[in-house]
Each structure stands twice: as structure tokens, then as C-alpha cells.
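Trainee: Spelled out, the chains give:
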Amino acid sequence: MPDYQWPDPAHRTLIGKRTPRVDSPEKVSGQARYTYDVKRPGMLYGKMVRSPYAHCKIVSIDTSAAEKMPGVKAIEIVQKPGATIPWAGDEVVGVAAIDEATAEDAARAIQVKYQKLPHLVSDAEPPAGAAENQGPLSLDDLGDMLQNQVPERQIVALIQEYGISFKPTEEDIKEAKDEGVPDSVIEAARNATVHPEAANKTKSNYIKAATQSQGDVDKAFAEADAASEGFYGAPVIVHCCMEAHGSTSEWTDPDHLFVHMSTQNVSGIAGQMAEPLKLPAANIRVHQDHVGGGFGSKFSPDRWGIVTAQLSKKADGKPVRMMLERDSELEVAGARPSAYARVKVGAKKDGTLVAWQSHSWGTGGPGGGGMPPIPYCFSIPNQHKEHTAIRNNIGPARAWRAPNHPQACVLTMSALDDLAAKLNMDPYEFFLKNLELTRLSKIYRDEFPIAAEMMGWKEKWHPRGQNISGNIARGVGLSLHTWGGRGHASDCDLSIHPDGSVDIKMGTQDIGTGTRTCIAVVAADALGLQATDIKLYIGDTLYPPSGGSGGSTTPGGVSSSTRRAVVDARDALFAKVAPALNVQPDDLEARDGSVRVKSDPSRSLSWKEACSKIGATPITSHGHNDQAAAKNKPDLTNSGVGGVQMAEVAVDTETGIVKVTKMVAVQDCGLVIDPKMAESSVLGALVMGISYSLFEEKIMDPTTGRMLNADMEFYRLAGLNDIPELKVHMMTGPGYDERGVIGLGEPPVISSGAAISNAVANAIGVRVGVIPLTPAKVLAALNQTQKAGA
Amino acid sequence: MRAFDYVSPTSTRQAANLLSSTWGNTEILAGGTDLLALMKEDVVTPKRLVNIKEIADLRGVKSDSSGLRIGSLTTLAEVAEDAGVREKYPAFAEAVREAASPQIRNMATVGGNLCQRPRCWYFRNGLGLLPKDESGKELVEEGDNRYHAILGNDGPARFVSPSTIVPVLIAYGAKVRLEGPKGKRELPLEKFYVIPKTDRDREHDLLPNEIVTEVVIPAANGWKVAHYEIRQKAAFDWPLAVAAVALKMDGSSVQAARVVLGHVAPTPWPSPQAEAALKGQPANEDSAKKAADAALANAKPLSQNAYKVQLARVAVKRAILKAAGGAA
Ligand SMILES: Cc1cc2nc3c(=O)[nH]c(=O)nc-3n(C[C@H](O)[C@H](O)[C@H](O)COP(=O)(O)OP(=O)(O)OC[C@H]3O[C@@H](n4cnc5c(N)ncnc54)[C@H](O)[C@@H]3O)c2cc1C
Numbered sequence: 000m001p002d003y004q005w006p007d008p009a010h011r012t013l014i015g016k017r018t019p020r021v022d023s024p025e026k027v028s029g030q031a032r033y034t035y036d037v038k039r040p041g042m043l044y045g046k047m048v049r050s051p052y053a054h055c056k057i058v059s060i061d062t063s064a065a066e067k068m069p070g071v072k073a074i075e076i077v078q079k080p081g082a083t084i085p086w087a088g089d090e091v092v093g094v095a096a097i098d099e100a101t102a103e104d105a106a107r108a109i110q111v112k113y114q115k116l117p118h119l120v121s122d123a124e125p126p127a128g129a130a131e132n133q134g135p136l137s138l139d140d141l142g143d144m145l146q147n148q149v150p151e152r153q154i155v156a157l158i159q160e161y162g163i164s165f166k167p168t169e170e171d172i173k174e175a176k177d178e179g180v181p182d183s184v185i186e187a188a189r190n191a192t193v194h195p196e197a198a199n200k201t202k203s204n205y206i207k208a209a210t211q212s213q214g215d216v217d218k219a220f221a222e223a224d225a226a227s228e229g230f231y232g233a234p235v236i237v238h239c240c241m242e243a244h245g246s247t248s249e250w251t252d253p254d255h256l257f258v259h260m261s262t263q264n265v266s267g268i269a270g271q272m273a274e275p276l277k278l279p280a281a282n283i284r285v286h287q288d289h290v291g292g293g294f295g296s297k298f299s300p301d302r303w304g305i306v307t308a309q310l311s312k313k314a315d316g317k318p319v320r321m322m323l324e325r326d327s328e329l330e331v332a333g334a335r336p337s338a339y340a341r342v343k344v345g346a347k348k349d350g351t352l353v354a355w356q357s358h359s360w361g362t363g364g365p366g367g368g369g370m371p372p373i374p375y376c377f378s379i380p381n382q383h384k385e386h387t388a389i390r391n392n393i394g395p396a397r398a399w400r401a402p403n404h405p406q407a408c409v410l411t412m413s414a415l416d417d418l419a420a421k422l423n424m425d426p427y428e429f430f431l432k433n434l435e436l437t438r439l440s441k442i443y444r445d446e447f448p449i450a451a452e453m454m455g456w457k458e459k460w461h462p463r464g465q466n467i468s469g470n471i472a473r474g475v476g477l478s479l480h481t482w483g484g485r486g487h488a489s490d491c492d493l494s495i496h497p498d499g500s501v502d503i504k505m506g507t508q509d510i511g512t513g514t515r516t517c518i519a520v521v522a523a524d525a526l527g528l529q530a531t532d533i534k535l536y537i538g539d540t541l542y543p544p545s546g547g548s549g550g551s552t553t554p555g556g557v558s559s560s561t562r563r564a565v566v567d568a569r570d571a572l573f574a575k576v577a578p579a580l581n582v583q584p585d586d587l588e589a590r591d592g593s594v595r596v597k598s599d600p601s602r603s604l605s606w607k608e609a610c611s612k613i614g615a616t617p618i619t620s621h622g623h624n625d626q627a628a629a630k631n632k633p634d635l636t637n638s639g640v641g642g643v644q645m646a647e648v649a650v651d652t653e654t655g656i657v658k659v660t661k662m663v664a665v666q667d668c669g670l671v672i673d674p675k676m677a678e679s680s681v682l683g684a685l686v687m688g689i690s691y692s693l694f695e696e697k698i699m700d701p702t703t704g705r706m707l708n709a710d711m712e713f714y715r716l717a718g719l720n721d722i723p724e725l726k727v728h729m730m731t732g733p734g735y736d737e738r739g740v741i742g743l744g745e746p747p748v749i750s751s752g753a754a755i756s757n758a759v760a761n762a763i764g765v766r767v768g769v770i771p772l773t774p775a776k777v778l779a780a781l782n783q784t785q786k787a788g789a
Numbered sequence: 000m001r002a003f004d005y006v007s008p009t010s011t012r013q014a015a016n017l018l019s020s021t022w023g024n025t026e027i028l029a030g031g032t033d034l035l036a037l038m039k040e041d042v043v044t045p046k047r048l049v050n051i052k053e054i055a056d057l058r059g060v061k062s063d064s065s066g067l068r069i070g071s072l073t074t075l076a077e078v079a080e081d082a083g084v085r086e087k088y089p090a091f092a093e094a095v096r097e098a099a100s101p102q103i104r105n106m107a108t109v110g111g112n113l114c115q116r117p118r119c120w121y122f123r124n125g126l127g128l129l130p131k132d133e134s135g136k137e138l139v140e141e142g143d144n145r146y147h148a149i150l151g152n153d154g155p156a157r158f159v160s161p162s163t164i165v166p167v168l169i170a171y172g173a174k175v176r177l178e179g180p181k182g183k184r185e186l187p188l189e190k191f192y193v194i195p196k197t198d199r200d201r202e203h204d205l206l207p208n209e210i211v212t213e214v215v216i217p218a219a220n221g222w223k224v225a226h227y228e229i230r231q232k233a234a235f236d237w238p239l240a241v242a243a244v245a246l247k248m249d250g251s252s253v254q255a256a257r258v259v260l261g262h263v264a265p266t267p268w269p270s271p272q273a274e275a276a277l278k279g280q281p282a283n284e285d286s287a288k289k290a291a292d293a294a295l296a297n298a299k300p301l302s303q304n305a306y307k308v309q310l311a312r313v314a315v316k317r318a319i320l321k322a323a324g325g326a327a
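Protein chains in written order, with numbering that gives the first Met the number 0: chain Y, 0 to 789; chain L, 0 to 327.
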């Protein structure tokens with residue numbers, strides 16, 4: 000039986016050491032090629048006619064003028080007259096022309112008549128009594144809940160309670176399975192009562208999405224020594240990928256499509272394009288070298304991606320490129336649902352949490368969206384929760400780095416921090432006191448003192464509002480979070496060539512998280528080589544499939560499949576080399592660029608000499624990691640990480656401007672393949688966390704229903720000067736390493752909002768309940784206390 | 000791309016003759032950092048662009064008896080680096096250094112900065128400078144006006160004047176020189192800005208065929224000048240309020256003051272009320288606060304921008320204290 004287990008510390012050569020990214024030289028020298036950079040011979044440029052109205056019906060489309068324009072090569076109607084448009088910026092007609100300017104002129108020449116319908120773009124608190132019961136669920140409702148990671152149990156319960164409004168076809172079910180919809184949900188839909196009449200009913204904008212109770216809340220509050228009530232929230236924000244969404248498609252012959260796409264999901268794209276294009280997935284090749292950000296918004300080919308293929312078909316297969324403009328990127332290519340809640344939370348005198356009550360609401364666009372997992376991390380024994388989903392016309396929601404967790408974290412940790420203040424407790428003690436209510440108390444218990452030490456918490460913490468000098472108020476805040484992160488299905492082909500070169504082929508993608516480096520380190524570690532010795536082929540459907548990079552599933556997946564492949568190949572090499580060294584294969588090890596006898600390292604062959612024993616054809620091996628843990632023997636990946644973050648802020652009490660002055664993150668992700676890369680992943684998350692805590696918000700105009708800040712001037716992102724000292728500590732060693740590899744992309748972005756909000760409350764003595772913490776909101780909160788004091 | 004003519008005259012006179020006498024037909028192209036974005040977004044659709052960058056006379060910083068003369072084609076980067084500006088008008092140099100980003104300052108010209116169009120998101124989204132919907136509803140008043148005007152906002156104009164370098168220029172007493180088919184004229188810079196009443200008006204007292212040729216800053220002898228901006232982000236962000244203050248001291252009390260606010264009204268906003276409040280007072284926290292209150296006494300916030308009143312007050316107060324503490 001090959002020894003796939005992760006090596007123990009004594010036998011690791013690269014795993015756990017600081018290896019620089021293997022693709023750094025390519026990136027810093029500007030040679031890394033992004034989909035945006037792809038210029039194919041004879042390429043045409045695509046543009047999209049988009050709806051100017053937030054809610055309307057298409058009455059007519061006249062493309063005749065555009066068709067006659069010189070240079071216009073193809074026009075594709077995306078939504079026909081009669082279609083209802085659910086948000087401004089939705090796709091109506093695609094055009095392809097010889098250059099961008101002509102394509103733009105053609106798009107402008109297309110006459111579309113719309114009939115405006117009433118729209119709602121607000122996600123303000125639903126009027127009392129407005130929320131209607133959830134009726135039978137539509138296919139869209141289900142899709143939306145799955146996208147927003149509503150727990151499986153909850154979806155099944157809703158289906159059982161309300162039924163569904165469509166009869167699922169065998170095709171729907173197959174598709175659902177392919178997309179990884181949990182079996183329990185599929186089963187529930189199959190057995191559900193179907194109410195076809197519900198499909199045509201106009202739905203209220205406000206849906207009672209969840210009502211959940213456990214324990215006896217009223218009694219618990221009555222017996223609690225202290226209770227705190229507050230209003231908290233996080234608005235809709237957008238992904239704002241630096242490289243906009245988009246692709247270039249070309250028909251290499253009438254039956255074969257070649258697509259360059261900016262995606263987090265190389266292996267998953269062909270399957271999604273096959274159906275709409277009526278083409279076998281096997282005939283679609285998808286390629287990508289580098290991607291400029293996705294954050295959860297780039298798993299699908301998108302309607303505009305399908306359109307590039309349709310336009311290309313009409314243009315004799317010529318490549319058609321369509322990359323979203325910056326405004327469309329912000330309007331339609333992804334948004335994080337909002338979440339707001341009125342929360343009441345109660346505890347005993349010693350801080351022990353006993354009761355939670357929340358009325359929450361939020362929107363994820365026309366689908367509404369589900370309740371975020373509140374109370375987050377802490378299973379408070381007595382709970383009552385009601386959630387209203389607002390269906391509106393702001394555009395579609397997509398998974399945003401740790402879907403629903405940052406919102407849940409803000410709602411929960413702000414409320415707990417307010418309760419700690421009410422109890423006159425240091426939140427550090429208060430959170431520690433309640434760790435037994437979390438599932439990862441041991442991890443948090445390890446992490447808390449480390450974070451406190453790095454922040455200087457003991458010296459810096461003070462009761463609220465008691466460190467104000469002149470107009471500068473300083474404070475610290477903390478939060479904790481959790482995430483899954485089990486490795487996805489992944490397949491790896493590895494070859495050791497007779498000349499000593501090693502290559503790996505895998506249809507994964509490196510979304511900037513260091514996937515290339517992760518694969519190379521795992522392979523090189525087992526072969527006693529350097530990471531840069533491994534030649535990597537990724538980002539193409541020509542290579543074995545590997546899962547989409549979402550849910551922090553990539554490191555666990557690719558490291559496990561690579562480990563299996565490399566151990567098999569290495570063992571095959573040892574078998575070839577053993578006779579030359581007069582030992583058994585088991586007596587050999589690969590270290591420091593040589594293959595040598597474990598008990599007598601002086602008996603060795605250089606790596607090249609060793610490989611020369613392979614013969615004429617390379618050694619090849621295949622490694623597979625299964626989605627199902629039980630099928631992996633041994634299982635090299637795991638799920639469930641914990642992290643703690645602390646923030647320090649300085650607030651100008653006259654202007655309400657918040658500066659984060661220091662942030663500390665302590666994070667676990669099981670066995671750390673490359674601490675340098677892991678730290679940089681966390682650093683990036685902190686930057687993003689500061690940005691959404693202070694600046695980001697999708698601002699909609701109530702009258703026109705359009706996004707007002709679909710640009711990078713007023714959709715503010717943190718700049719270099721807004722980023723303070725950031726400190727990261729990765730948990731490693733016993734208790735962590737043996738858990739196997741767990742993903743890291745998402746968890747460290749979860750706590751930042753709550754930690755920063757808590758720090759601001761600590762600084763100014765009053766809660767600013769809703770992020771981003773803009774001057775307007777900070778000043779409003781300060782004025783409230785002044786009024787109250789006066 | 001909409002087709003347009005492109006001409007590159009080499010003299011101001013030629014340029015003026017190539018410009019149309021009605022707005023909308025032609026536009027002057029300087030650094031293009033604003034105009035090209037407006038054209039790409041289809042907000043302005045000129046039939047002819049008159050590129051003035053070949054007019055050598057419009058470049059560079061000179062000085063003579065009227066003071067410092069800054070040619071309208073001088074870039075913000077050149078101004079920020081200019082030894083004369085830095086030495087004699089440090090508050091202006093500071094305002095220029097804080098504007099936009101290094102890349103933009105390398106392209107952006109002083110003339111273009113004075114004439115740049117408002118950043119109002121309704122305007123930039125193609126909904127008009129005085130935006131209304133089909134039913135006549137005023138979009139700014141009814142909509143999201145968190146960054147809009149708190150002064151001079153009776154309407155229909157409610158955008159804020161965008162330049163962050165103009166308030167301090169006004170505080171220094173700068174004048175702007177214009178040239179058109181009918182010859183040259185000179186205006187105090189504050190008179191160059193007007194509040195448009197109809198969609199046919201612009202926010203500058205500029206004829207469609209006039210060109211800004213120069214900005215002249217008189218010698219700042221005896222004036223202590225400061226510029227203060229409140230931006231949410233540490234850099235490369237539009238401010239929420241700007242104030243520029245010039246003080247002439249008589250011993251320890253203020254003999255004369257100029258107080259100009261930015262990003263609070265459809266024009267740069269000189270405040271005679273604040274100036275009167277300062278006169279004869281010592282320049283300290285107390286008088287600065289009173290002057291700031293006076294400057295904002297007439298503020299009428301819209302539905303979502305009351306916080307800007309407080310920010311503008313703080314900007315005025317801090318600019319006064321900064322001016323009092325610093326040199327010219
Ligand atoms: C991201 C960003 C951030 C910015 N931040 C700031 C900031 O913080 N502070 C600030 O003050 N500005 C800021 N700006 C605005 C910038 O300063 C202006 O875009 C720039 O100064 C315009 O100069 P330009 O030469 O590029 O003008 P152009 O874009 O060429 O022209 C702008 C307008 O002025 C007209 N015009 C140009 N020259 C003349 C002339 N000589 N006579 C008559 N009309 C003329 C043009 O017709 C056009 O309408 C920012 C701009 C951007 C894009």
C-alpha cells in the first residue's frame with residue numbers, strides 16, 4: 000500500500016516551509032497572460048445592448064440599422080420581445096464587429112422599445128406586516144437559496160412545507176445533480192407537492208423566508224441578568240473584479256468550440272455551455288492562464304459568455320471577444336446580498352449567553368435570498384429568529400467570498416460586543432467565556448491569546464469611549480469566524496521523464512491564491528526537488544478535471560490529488576532505481592535532488608541519474624481526490640477552520656472618518672502547505688475586509704432603479720494608504736497539521752467587518768450598526784449620543 | 000465610437016474660430032482626463048474636438064508684475080513641482096499635490112481643471128446636469144444626494160463644483176484670463192463660476208468659443224493661506240468638503256480674511272459671513288468655530304447630506320487654524 004499520508008515534519012522538505020510563488024516572476028514582469036490580454040487572429044469585438052430600466056418588458060427590437068453598418072458581423076438577440084427584464088443592465092442584444100468602436104456604434108443603433116414596470120431597489124426595513132408567507136418554491140427560488148448557501152436542512156424543510164411551483168423534469172434533476180445540489184434537496188423536490196398555479200401568481204416583494212425557534216426564549220430573557228438590543232447590518236456590495244468578466248469564443252470547425260474565459264471554474268464551464276449551444280461538452284475546450292479576481296462571481300459562463308459563442312457561430316467561427324465594461328461589471332456581474340437585523344441578546348451576570356432573538360431582512364435581488372447563519376458560531380441555547388427576504392430589482396446576487404458569513408458575523412459579533420459592554424466586560428473575556436457554545440472551542444482557545452499578544456489587547460483595551468484625546472478616539476475590537484474548506488474533487492496526471500523533468504497536468508485554475516505553488520510544493524516535496532522544477536500545465540479542459548475554486552475547496556483538492564499521483568510516481572521510480580543501488584525500493588528516499596538509501600545517504604544517485612533508469616517512456620501516474628471523504632483512503636483533506644481577528648482604529652470624532660491603524664489575524668487551515676502563501680492569502684483578505692468595512696456599497700437610485708456608483712470613483716475600494724500594519728499568524732504543529740489540508744481563501748475575510756465595527760464602538764462609545772462605517776453614519780451615531788447626553 | 004472632427008490649431012485665435020458659438024457642437028480638448036471619459040460614456044457628444052495642446056503660448060509658469068501667471072496647459076504635476084509656486088503659494092502647491100493621482104496629474108491641465116464638469120452621479124450616468132425623470136421629478140432631490148450640495152442648492156442645480164484646487168486659488172485672489180473671437184477678458188476666479196438654471200447653461204461663465212488662457216495669482220504678500228480637505232479615503236478620493244482660508248493679520252487679530260468652501264455648492268463658495276465673523280478677532284479655536292458656524296448658517300441639507308454641514312464646518316475651522324499657524 001503506497002504511503003499517501005502527509006509526511007511528518009521530519010520528512011517534509013518543502014511542505015510547511017516558506018516557498019515564494021512559482022508564478023511571481025511571470026506576474027511582476029507583466030508576462031502573465033489574462034483573458035483580457037487574449038488577442039486571437041481575426042478577432043471580433045462584442046458589445047451588449049443592456050436594459051436602461053430596472054423592471055420592464057421588451058416590446059420590440061429593431062436591429063435593421065445595425066445590420067447595415069459596415070464592419071458589423073453578427074447580431075444575437077438574447078431576450079426576445081415579451082421577456083421581462085428584472086434589473087437595469089440586463090442583457091438584451093449582443094453584437095460583434097470588427098473593432099470595439101464599431102461594435103459600440105452598432106449597439107447604439109439597435110432600437111429596443113420597453114414597457115416600464117414598477118420597480119423596487121430599496122432594501123430598507125420591510126413595512127410591518129408586509130411579509131407574506133413563502134408560497135410554493137420556484138426553480139429560481141431554489142437556485143437562489145443554493146447559491147446563498149442556505150443550509151440543506153432549511154431548504155428541505157421549506158420544500159416540504161410549501162411545495163414547489165414546477166414539475167421537475169428528469170433533465171432538471173440531472174442538471175441539479177451535475178451542479179452538486181445535495182441529494183436531500185433533489186429528493187425533497189421529487190417528492191414535493193406541485194402547485195403549478197403558483198407559478199403565475201405575482202409575488203409580494205417581501206417573503207417570510209424563515210421562522211425558527213429553539214428552547215424557551217421568553218423565559219430565558221426573563222431569567223437573564225442583562226440583555227442588549229441593537230440594529231446591525233451590511234449592505235449589498237459588489238465583487239468589482241479588477242479583470243472584468245468575459246471571454247473570447249471561436250469555432251475551430253463547425254463542431255468544436257474554443258473558449259478563453261476569465262473564470263474560477265475551468266473544468267466546469269464546458270458542461271454549462273453545452274446545453275444552450277446544443278453541443279457535446281466534449282467538443283468545447285476552455286482555457287485560462289491567469290484570472291484577475293473572481294471572489295465567487297466567476298463560476299458560470301454567463302449569458303454574455305454564451306453570446307460570444309453564438310455570435311462567433313454567426314460570424315463563420317471567427318473569435319468573438321466580450322469583456323464587460325466597468326459599469327456592467329459592477330451592475331450585473333455579482334453582488335453580495337445585504338443583511339440587516341434587529342437583535343436582542345441576553346446573558347447571565349458572568350457573561351454566559353442564554354438567549355437570542357432576531358428579526359432580520361435582506362435582499363439578494365429578484366430571488367430575495369435566505370437568512371444568514373445567525374447567531375454566528377455561537378449556538379445560544381434559546382433562540383427565536385424571523386427573516387424576511389426582499390425581492391427587488393437591484394441585480395443578481397452571487398457568492399461573495401464566504402457567502403453569508405461576513406454578514407452573519409457582523410450581525411452576531413456586534414450584538415455580542417454590545418452585550419459585553421452592557422455587562423462592563425472586556426469582550427475578550429466575554430467571548431472566551433462563551434467558547435463552549437462554538438464547535439471549535441479548542442482552536443479558538445489556542446488562537447485568542449496569540450491574537451491578544453500580537454495586538455497588545457491587554458494594554459489597548461479600555462471600557463468604551465475612554466480613550467479620546469482631542470478629536471481622536473481610539474479603540475480595539477475582535478471577532479471570530481469559521482468555515483468548511485474540504486477539498487473538492489480533483490484529478491492529477493503526473494509524469495517523470497527519463498531526463499529528470501517532471502510535469503503535472505490538472506484542469507484547475509490559480510485564482511491568485513497560489514494554486515500553482517501549492518501543487519508544485521506538494522509534488523517537489525515528495526521528489527526531493529524544488530517547486531520550480533515541476534512543470535505545470537493547468538487552466539485547460541485538455542487536462543484532467545479539477546473542481547471550481549469556490550468554498551475554499553481548491554487547496555484540499557489539488558494537494559490531495561497531487562500527493563497521490565506523486566507518491567505513486569515516486570514509488571515507481573524507486574522500483575526502477577533500487578537494483579542500481581542494490582536495495583529494496585522501500586529503502587530509498589528522495590531528498591535534496593537525489594535518490595538515496597535511507598540508512599546510508601552516501602549511497603545515492605543524482606535525480607538525473609536516477610531518472611535515467613526509467614527507460615524510454617516516462618513514468619506516469621494519476622491521482623484522484625474524491626468529493627466524498629469516505630472514498631479517500633486515506634483522507635488527506637478536512638473541513639472546519641477557526642480564526643480570530645482583532646482591529647485597532649482611530650476615529651476623528653469631528654469628521655467621523657475611521658482609520659484602521661492595525662489588524663491582527665490568527666487563522667487555522669489544517670496542514671499549511673506554504674506559510675508564506677497562506678499568510679499572503681490572509682493579508683489579502685484583511686485588505687478586502689477593511690475595504691468592505693469602511694467603503695463599499697452598491698448604491699441604487701430609487702427613481703430610475705439604476706446603480707449610481709457603477710464606477711471606481713464612488714464605488715470606493717481601499718487604497719494603499721488606507722491599509723495599516725497587518726499581522727498574520729497561521730496555526731501549525733500538533734493539533735493542526737494532522738488534520739490534513741483545508742482551504743483558506745474565504746475564512747479570513749469574514750471577521751474583519753465585525754472586528755472593525757467593534758473597535759469603532761470601543762473607540763467612540765457608541766455603536767455604528769451598519770457597515771460601511773462612513774463619516775455620515777459615524778457622525779449620526781455620535782450625534783445621537785450627544786443628544787441623549789444633553 | 001461616434002465620429003467627430005479633430006483639429007489641432009496652433010494659436011488661441013485659430014482655436015477660438017474653430018469653436019462653435021453654441022454649446023454641444025464642439026469641445027476643447029486639453030489633457031483629456033475628464034473630456035474623454037465624458038465622451039466614452041456618451042455624456043457629451045461633440046461633433047468637433049479642438050485640441051489645444053499644440054498652442055505653445057498656453058504652456059508654462061511665468062511671473063511678472065501682475066503676479067504668477069500659469070498657462071492653462073500647464074499640467075498639475077508641473078504646477079506641483081514648480082519652485083515659484085511651492086515657495087510663494089505653498090497652500091496652492093499642497094492642494095494640487097492632493098488632487099487625483101500621479102498619473103492623472105501628469106495629464107491634467109490647469110485650464111481643464113478649472114473647466115472640468117461636475118462628478119454628480121446622475122450627470123455622469125447620462126441623466127442630465129439638472130436631472131429629471133419623464134414626470135419632471137427631480138432626481139437628486141428625490142434620490143441619493145449624499146454627495147450633493149448643501150449651499151446654493153435651491154435648484155435645479157444641486158451638484159457640487161468639482162475642482163479641489165479652485166477654492167485655494169480664489170483665496171489667493173486669483174483671476175482667470177479668457178480669449179475668444181471678440182478678444183480677451185479677465186475675471187476674478189470666483190466670478191467664473193455660475194449656477195446653471197437650465198439644461199442649456201453651463202457651470203462656467205465661458206462662452207462656447209472662449210478659451211481659458213491663464214490663471215494669474217497676485218503676490219500673496221502678508222496673506223497666510225491654508226487649504227484643508229476632508230476625504231474619506233487617505234488618497235485618491237473626491238473630498239466631502241474643502242475649505243481654503245487666507246488671513247491678513249494685524250498683530251494677533253485678523254485684519255482681513257477670505258474663506259472659500261469647495262464641494263458644498265454648485266460653485267466654489269466664498270463665505271462673506273465667515274470673513275465678517277473673523278474680522279477683528281484673534282485667530283483661535285473659538286473664533287474659527289464661530290466663523291465656521293457663520294459659513295454654514297445658511298446651509299440647507301438635502302435628504303441625505305446633513306452630515307456634510309458638519310464636515311464643511313470642520314473643514315473651515317481647521318483651515319482657519321492651519322492658516323493662522325502657518326506661513327503664507
Ligand atoms: C479619477 C479622477 C480623480 C480626480 N481627482 C481630482 C481631485 O481630487 N481634485 C481635482 O481638482 N480634480 C480631480 N480630478 C479632475 C482632474 O483634475 C481633471 O480631470 C483635469 O484637471 C482636467 O484637465 P484636462 O486637461 O485633462 O481637461 P480635459 O479633460 O481635456 O477637459 C476638461 C473640460 O475642460 C474643458 N477645457 C479644457 N481646457 C480648457 C481651456 N483651456 N479653456 C476652456 N475649456 C477647457 C474641456 O472642453 C472639458 O470640458 C480627478 C479626475 C479623475 C479622472
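Keep in mind that the hints were calculated from the coordinates and are not lab data.
Remember, it's a predicted structure, so these values are computed and weren't measured experimentally.
In this text, a Cβ means the ideal position worked out from N, Cα and C, and glycines have one as well.
Each hint should be verified, as a subset may be incorrect.
What the hints assert, rightly or not - So, partial list: chain Y residues that the calculated Cβ filter (under 8 Å) puts toward chain L:
#, residue
1, D104
2, A108
3, K112
4, P578
5, A579
6, L580
7, Q583
8, P701
9, R705
10, E724
11, P774
Stated by the list, open to error - Distance condition first, Cα-Cα at most 25 Å in a straight line; then the derived SDA-like pairs of lysine to any residue:
#, chain 1, residue 1, chain 2, residue 2
12, L, K136, Y, K661
13, L, K232, Y, D710
14, L, K39, Y, L119
Trainee: Under 8 Å is the threshold here; is the Cβ of Q583/Y close enough to any Cβ of chain L for the hint to stand?
Mentor: violated, 64 Å
Trainee: Mind checking the alpha carbons of K39/L and L119/Y for me, to see if they're no more than 25 Å apart?
Mentor: Between K39/L and L119/Y the Cα gap is close to 29 Å, so the pair fails against 25 Å, i.e. violated.
Trainee: Taking the least C-beta to C-beta distance, is K112/Y closer than 8 Å to chain L?
Mentor: violated, 15 Å
Trainee: Have a go at the L580/Y hint: is there a Cβ in chain L nearer than 8 Å to its own Cβ?
Mentor: violated, 61 Å
Trainee: Min Cβ distance, D104/Y to chain L: is it shorter than 8 Å?
Mentor: holds, 7 Å
Trainee: Given the hinted pair K232/L and D710/Y, is their Cα-Cα distance within 25 Å?
Mentor: holds, 16 Å
Trainee: Can we keep the P701/Y interface hint, with Cβ of chain L closer than 8 Å?
Mentor: holds, 6 Å
Trainee: Holds or violated: is there a CB of chain L closer than 8 Å to the CB of R705/Y?
Mentor: Cβ of R705/Y sits 6 Å from chain L, so the hint holds.
Trainee: Per the CB criterion, is P774/Y less than 8 Å away from chain L?
Mentor: holds, 6 Å
Trainee: Double-check P578/Y for me: the hint is only fine if its C-beta lies closer than 8 Å to a C-beta in chain L.
Mentor: violated, 65 Å
Trainee: For a C-alpha distance cap of 25 Å, please report whether K136/L and K661/Y respect it.
Mentor: violated, 46 Å
Trainee: Against chain L, with CB atoms and a cut of 8 Å, does the hint on A108/Y hold up?
Mentor: violated, 11 Å
The structure does not agree with the numbered hints 2, 3, 4, 5, 6, 7, 10, 12, 14 stated previously, though it agrees with the rest.
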